[in-house]
Amino acid sequence: ASLESYVRTRKRLQVSPSDLKEALYPDGATDKKSSAAIDTLFTTSAGCFVSLKKDGELRGCIGTIMAAQKNLAEEICENAISAGTRDPRFPSVSKDELPKIVYDVDVLSRPEPIETVGDLDPKRYGVIVSTDDGRRGLLLPDLDGIDSVQQQLDIAARKGGIDLARDTVRLERFKVVRHT
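Take the position in the sequence shown, starting the count at 1, then add 466; the result is the number in our numbering.
Note that these hints are calculated values from the structure, not bench results. There are no misleading hints in this set.
Straight-line distance between alpha carbons at most 30 Å, and here's what the computed DSS-like set of lysine-lysine pairs gives:
# : residue 1 : residue 2
1 : 589       : 519
2 : 499       : 487
3 : 519       : 641
4 : 520       : 566
5 : 589       : 641
6 : 561       : 487
7 : 487       : 519
8 : 477       : 487
Can you make the complete structure from the sequences, with help from the hints?
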């Protein structure tokens, strides 16, 4: 809803737990588990990535490694808007495209440093490759076509402008909870 609102009005949507419950359950029939899950969005913070797909193809993806907003609900909203309007690989999502956009949200665990590439598994862990001068590349886990640790490292390094053969790098891994 946040991207749709922003594309249509250029205003950010302010969402409360009760607004979200009403939007998801207009008849008021939310169960305790669903209600608690919605409340958690407003009481926790974490980094997350929002991926937009149109007709099965990537249409935008932006995220944060660590929380930048006051809660996860706002983090998701901000990253959804950014994925639709600020991903440099794509033009901004148009009003006409909105009905075809499908959202994936990956909520990240706190990244942990690793010592060897043997600690990576591209199906289970995302990877962050970084250098002392601030360059950094990230790749989410369990992506189609990424089957080896080396592929994962190469892509993450390339995204960060890092040469794995020349640069001294730090490696971190993280898990995600993927919502599709």
